[in-house]
Amino acid sequence: MKPNTLLLILLGAGLAQPAAAQKYRTAAGLRLGSPYGITVQQAVASRVTLEGLVGLASREITGTVLGEYHFGILGRSLNYYLGAGGHLGNNKDTGRFGGFDGIIGIEYKIAFLPLVLSYDFKPSVEIHSNDWARFPSALSVRFVLFKQRNKTIGERTRGLFDKVRGR
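FYI, the numbering for the sequence shown is -21 to -1, 1 to 146, going by mature numbering (1 follows the signal peptide of the UniProt record, and there is no 0).
Just so you know, these hints were derived from the structure itself, not from any lab.
Backbone N, C-alpha and C fix where the C-beta goes; we use that ideal spot for every residue, glycine too.
Please note that the accuracy of each hint is not assured.
[Unchecked claim] Pairwise CB distance ranges (calculated):
| id | residue 1 | residue 2 | range |
| --- | --- | --- | --- |
| 1 | N109 | A63 | 34 to 44 angstroms |
| 2 | I40 | F100 | 20 to 30 angstroms |
| 3 | S25 | L53 | 13 to 23 angstroms |
| 4 | L124 | G77 | 22 to 32 angstroms |
| 5 | K126 | G74 | 40 to 50 angstroms |
| 6 | K126 | G77 | 28 to 38 angstroms |
| 7 | F91 | F50 | 16 to 26 angstroms |
Start from the sequences, fold in the hints, and give me the full structure.
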């Protein structure tokens, strides 16, 4: 292999950044499933989001908080996520209830539009409820409120040269 080709490969590998999972910081919208509701998702770290859900059913209201870890599939626009959290709610017939939730889903940020589409499966274990478990899935449509800032070339290369200098 020619020295110039080897140098180019090494330089390209050093500048390559791991794919970030989301292209936004905050998004909010509607959750279309069982129950219907409102969803707000906030990035709190690289690949990690907190999602708040308010669900409305015919005789109950539920609030859920989930921590989610995102994995890129094809670049930053398409990813899947896993997470867990808990919920509290009130049923008009049986009173208050709560429980633990898991979530697995897939998410797509539509290019050139401030929209995020996601589909998820969110099983839950119930405490103080007539149901011992629930297995809802839903489609969510979120509007991007705050985009994630892209790093400049200088910010990307600065980390590379710090590694070379031993910092």
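The hints, checked one at a time:
{"no.": "1", "hint": "N109 with A63: 34 to 44 angstroms", "in the structure": "violated, 23 angstroms"}
{"no.": "2", "hint": "I40 with F100: 20 to 30 angstroms", "in the structure": "holds, 22 angstroms"}
{"no.": "3", "hint": "S25 with L53: 13 to 23 angstroms", "in the structure": "holds, 18 angstroms"}
{"no.": "4", "hint": "L124 with G77: 22 to 32 angstroms", "in the structure": "holds, 29 angstroms"}
{"no.": "5", "hint": "K126 with G74: 40 to 50 angstroms", "in the structure": "holds, 42 angstroms"}
{"no.": "6", "hint": "K126 with G77: 28 to 38 angstroms", "in the structure": "holds, 35 angstroms"}
{"no.": "7", "hint": "F91 with F50: 16 to 26 angstroms", "in the structure": "holds, 24 angstroms"}
In summary, the one numbered hint that this structure violates is 1.
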